[in-house]
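These protein sequences, in sequence, are chains R and L.
Counting in our numbering, the first sequence runs from 1 upward without gaps.
Counting in our numbering, the second sequence runs from 1001 upward without gaps.
A hint or two may mislead.
[As the list claims (entries may be wrong)] Restraint-style ranges between C-beta atoms, simulated for each label pair: (1) R:S145 x L:L1004: 27 to 33 Å; (2) R:E243 x L:L1209: 33 to 39 Å; (3) L:L1209 x R:A176: 40 to 46 Å; (4) L:R1086 x R:V18: 33 to 39 Å; (5) L:H1163 x R:A176: 55 to 61 Å; (6) L:A1141 x R:E199: 42 to 48 Å; (7) L:I1135 x R:H40: 30 to 36 Å; (8) L:R1162 x R:A212: 45 to 51 Å.
[Stated by the list, open to error] Computed footprint of chain R on chain L, listed as stretches where at least three residues anywhere in the stretch have a Cβ under 8 Å from a Cβ of chain R: (9) 1050-1062; (10) 1093-1104; (11) 1242-1253.
Just so you know, these hints were derived from the structure itself, not from any lab.
Note that beta-carbon positions come from the ideal geometry of N, C-alpha and C, so glycine has one too.
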Amino acid sequence: MSMSATSSAPAFQPMTVVWIAGIVLAALIPWFTGSVFHFHIAIMVCISAMATGGLAVIAWVGQLSLAHAAFAGIGAYTSVLLVTRLDVPVLLGLPAGALVAGAVAFIIGAPLLRLRGVYFVLITFALNELFRLIMLDIPEFSGGSSGIAGIPKISLFGVTLSNYQSVYPFALFCLALVMGLLVLIRRGQLGRRFAAVEENLALAESSGIPTAKTQTIAFTIGSAIAGFSGAFLAHYVGFISPETFGFQLSVSYVIMLVTGGRLALWGPLVGALFLTPLPEFLRGAVEYQHVIYGVVLIAVLRFLPRGLAGLPRQLSRKGGRG
Amino acid sequence: MSFLIAQSLINGVILGTLYLLMAIGFTLAFGVMRIVNFAHGEFYMVGAFCALIGVTWLGLPFPVTLALTIAVAILLGALVERVVFRPFRNDELSGMIASLGLAMILQHGALILFGPDPQAFPALVSGVFKWGALIVPKSRALALGVGIVILLIFYIFLMHTRHGRALRAIVQDQEVAAVFGVRLEIMYPLGLGLGVALAAVAGGLMAPLFGVSPFIGATPLLKAFIVVILGGLGSIPGAALAAILLGLIESFTSSFVSASAADIVTFALVIVVLLVRPAGLLGRAEA
């Protein structure tokens, strides 16, 4: 996986313009069709893309987290409890969710990140399971297995976003913020440090990069983004339970990231855009949806190691290295 | 009190044996192929469905059904190794991600074929063994007995046959094993096939006790995962020790505290072991 060279690319390549144009067009689809169903899918794409974007930041230092759903859960529960118990406005609940998720990641990050490769995946898998079990064990906060229903909708300065058409612009705005943050990190000094750690930890360490600190920063930022997306999800869907943030959700974020491209800047967005609508258009055949997910995942790993976002580059290199 | 302790001890050993059946294949796949196989639990599910089909649809005797289950699982495992895992031989992370996809395919494939409802499995034996106040249902005793026999056969295969030695050689050092004439092209599919066959046997043995559905693979995977982390990824003696330990911990905490406490305690233990001693209780350190 030595492809971090992409991070040092100039700001405006023709490819980037094509990507941005494509994504803007896709974002406009619900307004063209006017269908409430399409608005719903588009909102779900935004939420998934934010969460997957957070996972991407962690992946940029070479780590794959299977605890991403747990951090989304921490953000969701933080915001929901603040809003329902302490009457905090939702607009403050969302960043609070991000803050708490990020703080937890920062505290537990240092010991966790000493592990690399499959060992890091395994410990985050165990953490996600531990989160679910503990939440089930404290029903007075989590609602237990029946969860918390009737969560207040998002409201901006006194205006409640009660329907799909009004939530969508705000979802797009939040996604733009997250993607903007990703671009800033990627183009800045931090992004170069991330890439160095990802490519060769020992070399990065001996070149004077504080690798442990760098990994903790990535884990904290990524998990905070997960917390934000989880809080958004909770207020949009209106229901959460410990089971919402189980292993399956972590796996679906990993699938979106890998399908989009593990190290590509636009990978999370492409992955979410490709995979989120898939199940919605296969209604009535939900079993097939997961089989298709599995096949897509294995096929992408095998034939497109850079994900869908790397496809044009791979094609333009006459077959690439596939 | 002493009766409760003895009963917990027996239950713990029964649980531990079943966890060991699950864990050996999981740890073998890592030792031989460096694959963390998240689809391992789904082979337990496949084994349970094989047993169901053999006993209720085809009317075969249970021992014949188990033998067929093993054969089917070995073939399926070898096929999966060839089609899914082989391209990722030198990439642990991609192999593991691929196994997540494989698990989805197997589980939801079973859902398409058999539907979501749990299916009853006819009881093979009924009644209980009694020693004073101690009670062991005969169905559990049967599962335990067959499980131990299969573990013994596997142990003899591993320690005293040519292929068994070859597998152990690969676990120790793949390159040196290859230099000494171990054929990886045969041993990789064989290793994965045998590993998932043990999971499938566990599924077949447990089917009469717990019923069969497409979703039964998740819990055995978690147990195998805990056992293998505690014992050290790739270490078979470590898995044996950890499986019995986990069985006893679960049995005692659920007798004396609560079942949810048992789960939380074991997962906390897993995290501590990974942090303090990633190679496991008995595993050797990574190079």
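Hint-by-hint comparison with the structure:
1. R:S145 x L:L1004: 27 to 33 Å: holds, 29 Å
2. R:E243 x L:L1209: 33 to 39 Å: violated, 25 Å
3. L:L1209 x R:A176: 40 to 46 Å: violated, 54 Å
4. L:R1086 x R:V18: 33 to 39 Å: holds, 35 Å
5. L:H1163 x R:A176: 55 to 61 Å: With a Cβ separation near 58 Å, L:H1163 and R:A176 satisfy 55 to 61 Å, so the hint holds.
6. L:A1141 x R:E199: 42 to 48 Å: For L:A1141 and R:E199 the Cβ distance comes to about 56 Å; the hint is violated.
7. L:I1135 x R:H40: 30 to 36 Å: violated, 54 Å
8. L:R1162 x R:A212: 45 to 51 Å: holds, 46 Å
9. 1050-1062: Not satisfied, violated; 0 residues make the cut.
10. 1093-1104: holds (count 10)
11. 1242-1253: Since 0 is below three, the answer is violated.
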